[in-house]
Amino acid sequence: MARIDLVDLAHSYGGNAAPPESFALKPVTMTWRQGGAYALLGPSGCGKTTLLNLISGIVTPSRGKILFNGKDITPLSTQKRNIAQVFQFPVIYDTMTVGQNLAFPLNNRGVPKAEVEARVRQIADLLDLTPYLKRKATRLTADAKQKISLGRGLVRSDVAAVLFDEPLTVIDPELKWQLRSKLKALHRELDLTMIYVTHDQTEALTFADTVVVMHDGRVVQSGTPAELFDKPAHTFVGYFIGSPGMNIVPAEVSGREARIDGHVISLRRNYGVLPAGKKIEIGVRPEFVDVSPPTPGLLSATIERIDDLGRIQFARVRVGDAKFAARVPPGFTASGNSAGLIFDPAHVHVYADSHLVEGGA
Amino acid sequence: MDKIVNQKAWFLVLPVFLVVAFSAILPLMTVVNYSMQDTFGNNQFFWNGVGWFKELLDPSTDLGGRFLASLGRNLLFSAIILTIQVPLGIVVALSMPREGWSVAACLVILALPLLIPWNVVGTIWQIFGRPDIGLLGYTLNSLGIDYNYVSNDFDAWVTVIVMDVWHWTSLVALLCYAGLKSIPDAYYQAAQIDGASRWAVFRAIQLPKMNRVLLIAVLLRFMDSFMIYTEPFVVTGGGPGNSTTFVSIELVKIALGQFDLGKAAALSLVYNLIILIVCWVFYTVMTNAGAERKAAPESEAALEPKPAAGLKPVGVLKPKEGVA
Numbered sequence: 001m002a003r004i005d006l007v008d009l010a011h012s013y014g015g016n017a018a019p020p021e022s023f024a025l026k027p028v029t030m031t032w033r034q035g036g037a038y039a040l041l042g043p044s045g046c047g048k049t050t051l052l053n054l055i056s057g058i059v060t061p062s063r064g065k066i067l068f069n070g071k072d073i074t075p076l077s078t079q080k081r082n083i084a085q086v087f088q089f090p091v092i093y094d095t096m097t098v099g100q101n102l103a104f105p106l107n108n109r110g111v112p113k114a115e116v117e118a119r120v121r122q123i124a125d126l127l128d129l130t131p132y133l134k135r136k137a138t139r140l141t142a143d144a145k146q147k148i149s150l151g152r153g154l155v156r157s158d159v160a161a162v163l164f165d166e167p168l169t170v171i172d173p174e175l176k177w178q179l180r181s182k183l184k185a186l187h188r189e190l191d192l193t194m195i196y197v198t199h200d201q202t203e204a205l206t207f208a209d210t211v212v213v214m215h216d217g218r219v220v221q222s223g224t225p226a227e228l229f230d231k232p233a234h235t236f237v238g239y240f241i242g243s244p245g246m247n248i249v250p251a252e253v254s255g256r257e258a259r260i261d262g263h264v265i266s267l268r269r270n271y272g273v274l275p276a277g278k279k280i281e282i283g284v285r286p287e288f289v290d291v292s293p294p295t296p297g298l299l300s301a302t303i304e305r306i307d308d309l310g311r312i313q314f315a316r317v318r319v320g321d322a323k324f325a326a327r328v329p330p331g332f333t334a335s336g337n338s339a340g341l342i343f344d345p346a347h348v349h350v351y352a353d354s355h356l357v358e359g360g361a
Numbered sequence: 001m002d003k004i005v006n007q008k009a010w011f012l013v014l015p016v017f018l019v020v021a022f023s024a025i026l027p028l029m030t031v032v033n034y035s036m037q038d039t040f041g042n043n044q045f046f047w048n049g050v051g052w053f054k055e056l057l058d059p060s061t062d063l064g065g066r067f068l069a070s071l072g073r074n075l076l077f078s079a080i081i082l083t084i085q086v087p088l089g090i091v092v093a094l095s096m097p098r099e100g101w102s103v104a105a106c107l108v109i110l111a112l113p114l115l116i117p118w119n120v121v122g123t124i125w126q127i128f129g130r131p132d133i134g135l136l137g138y139t140l141n142s143l144g145i146d147y148n149y150v151s152n153d154f155d156a157w158v159t160v161i162v163m164d165v166w167h168w169t170s171l172v173a174l175l176c177y178a179g180l181k182s183i184p185d186a187y188y189q190a191a192q193i194d195g196a197s198r199w200a201v202f203r204a205i206q207l208p209k210m211n212r213v214l215l216i217a218v219l220l221r222f223m224d225s226f227m228i229y230t231e232p233f234v235v236t237g238g239g240p241g242n243s244t245t246f247v248s249i250e251l252v253k254i255a256l257g258q259f260d261l262g263k264a265a266a267l268s269l270v271y272n273l274i275i276l277i278v279c280w281v282f283y284t285v286m287t288n289a290g291a292e293r294k295a296a297p298e299s300e301a302a303l304e305p306k307p308a309a310g311l312k313p314v315g316v317l318k319p320k321e322g323v324a
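If you read the protein sequences in the order shown, they are chains A and B. For the first sequence, our numbering assigns the number 1 to the initial residue and increments by one for each residue that follows. For the second sequence, our numbering assigns the number 1 to the initial residue and increments by one for each residue that follows.
Hints may contain errors.
[What the hints assert, rightly or not] Partial list, derived from the structure: chain B residues whose beta carbon lies under 7 Å from chain A:
| no. | residue |
| --- | --- |
| 1 | Ala21 |
| 2 | Pro59 |
| 3 | Tyr187 |
| 4 | Ala190 |
| 5 | Gln192 |
| 6 | Ile193 |
| 7 | Ala196 |
| 8 | Pro208 |
Simulated from the structure, these hints should not be mistaken for lab results. The beta-carbon is built from N, C-alpha and C at its ideal position, and this holds for glycine as well.
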């Protein structure tokens, strides 16, 4: 159990001399607090697995330091780091029983036998593996095998953190949901720091209390699911989180007004004069844009289609060259395919070169 | 439904049948024919029934005594070869680099002995071990070790065994290396995370994953060492005395030295049968040992519904997924 600090941590598989832009992980400084449930979220190839492997010591960083409780552990090997990791594909030791598999990390560290047994029983109980304990670990289904891998990760009580590298990829969707809630329950029960890598936003948002979004080797935002949803710090976060993602359209912004296609949208904050030469965009979640019958004074749009998601309907509309997703309020009936858009000014954000601009009062 | 009967399909099998007949069945039946007869040359044959086989298995006769003695030597030889080469091959494979240019270098060096023809290997060691001009023999003798494979049984055995280890350990090592290479990195990473020692990694990951290639290695090395002929023949000629006369050397002595075609044919058949049976036993035992581990959970498959029942609520919970 520990607080984990990353100090200027960066890694390139091409060595330290590689050009900065080619780094798999660009320099990052951040803190993971003890007992937190974190999700590392990002598309494939964004550096999240690299970051995880750096923390566990499978990969040695090109630059920077990793501190556990303030102690620099960067040069230490994986074995000495006191960390547990669960991989994407189940790793089980074929010749052992399920019970021996679970006991393996403890036995390797010379934990007393009685303690090993108690701990194995507890973990097996939590993961519903008890009926299998005496069975050979081969020929089990993929999800049973992955549960064993999870169990091996959770069985040590003294670890600084448990790292999960997309552990539910091989699991059937329905079992996935169940295992994820199980992990969440385990997190509460065992008081372990957990870092969970995934590219699935549902998985990240349901598991974690802090979601760290990565994009192109950088940490672009870390915050609670609500923060990520309400106030994305980067257009990528807005786009990546939420379904459909945030509407991001080029606009001219000055003071409390944004201009799209000549139409003025009022803003809640004052942005003054934004620096020239930057790409200015506004971002607004589809949930905060309503379509309405075409009315003078509203931004007029062309409805291309309406997606019915069951509880909610989203209209895909076009304004000039820009595409929008917008909420269809209950009772709305389209007359033809033209419509007006109503923006909720509190939720319209301004981005300069993809980064959020904090407006003044 | 009317089934169309077309016997012409048999013609498709005919070429294979002919090839097999001329390459395997006819020569084999010739040997079977010889094994039942006696001949004094001139292409004159006399019927002997199972006489040669009886003699072969009776240690009190000349033929039986020679056969059983050489068979014993051969089994001992194969046992020694397997006990040395299999562990040694594993050790070599484990100590090979996993990536980089040195992999190619190691593979080439390992493959070299395998590329040398049998009688050349024999000649190399025959000269290498000579006490008068051979580097090995001369060095050992000048160190005060009385080494002479021509006059000392033990030295002859040591020479033949070391020669075979030198020639064939590479094969075992290469097979094991292939087995090791097929283990995904995640296994090693997981073992690191689990704090496994080097020995634990070997026991829990590497050895089980090498199971299959080791089976092949043991089979190949057994067959080859049991059939060994050229190298000991070139080095020791089966001597001193008969101490390194293995079954195949005995067979050639009888067939070509004495021209006893009947005895030699009977011996060939029995020899062949022994190899077949031993290989079959090896194969069955080793695949069963592997299958047992895998089959065991399956036999418990009847228990499956119980834990599955515990997981049943999943279906009930499923609709909530959308809400979550």
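query = Which numbered hints does this structure break?
reply = 1, 2
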